[in-house]
Amino acid sequence: MVGGSVASASNPRSVDGLPLIMCTDCGRRRVMRCTSQQPWSLGQIFYCCPLHKRDGTGCPFWYWKDEYINVLATVGVLPASAGAYNAGGSMQVAESRMQGAASKMKGDVDFNGSVSNKKVQELIDIGKELVRLVKVVVLVCICMGVMMLVNVLVHLLK
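The sequence shown begins at 1 in full-length UniProt numbering and counts up one residue at a time.
Just so you know, the hints here were simulated from the structure itself, not pulled from any lab data. Heads up, a few of these hints could be off.
[To be verified] For lysine-lysine, the following BS3-like pairs were computed, each having C-alpha atoms within a straight-line distance of at most 27 angstroms:
1) Lys-119 <-> Lys-158
2) Lys-65 <-> Lys-135
3) Lys-158 <-> Lys-53
4) Lys-158 <-> Lys-65
5) Lys-135 <-> Lys-158
6) Lys-128 <-> Lys-53
7) Lys-118 <-> Lys-128
Here the structure is a predicted model, which means the values were calculated and not measured.
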């Protein structure tokens, strides 16, 4: 990932003009603007806490640019009526996209149109539990394979 920001002591902002706020999750660091280097999202802009780690540990603050704008609106840095910034940094209305997404997610949407953090955290917890279960299954398969190999060796040595 490649970071890029222009900051002054009183009003830090990223290159595209969005303010770089203190992390809303850990509160210990100012978020940074980064550019994805992954093949599936090459060149896309995201914002994360410097304490965030790729493996999911550390601070959980990590948002694509459009989601970060919603975070800024939620914490009151940008007006809630602000749409999305386009690549040049100017404002454009994104109401139709938001309404379409909201109609697909009925019941899982907060008053501002973003997916609730509680639901996201539940999905993350479920994903972590699935990873743990897969690890256990792999461990059991390895143990069974070793037992079968030992059994074959014992029969060959008789």
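The hints, checked one at a time:
A C-alpha spacing of about 59 angstroms is found between Lys-119 and Lys-158, which places the hinted pair above 27 angstroms, so the restraint is violated. Taken as a hint, the Lys-65 and Lys-135 pair is broken in the structure, with Cα atoms around 34 angstroms apart against an allowance of 27 angstroms. The suggested pairing of Lys-158 with Lys-53 is violated, with an alpha-carbon distance near 53 angstroms, which exceeds 27 angstroms. For the given pair, Lys-158 sits about 67 angstroms from Lys-65 by alpha-carbon distance, which is inconsistent with the 27 angstroms threshold.
Note on Lys-135 and Lys-158: the hinted pairing is violated, with a Cα-Cα distance of about 35 angstroms set against a maximum of 27 angstroms. Note on Lys-128 and Lys-53: the hinted pairing holds, with a Cα-Cα distance of about 15 angstroms set against a maximum of 27 angstroms. For the hint pairing Lys-118 with Lys-128, the CA-to-CA distance comes to about 15 angstroms; that is within 27 angstroms, so the pair holds.
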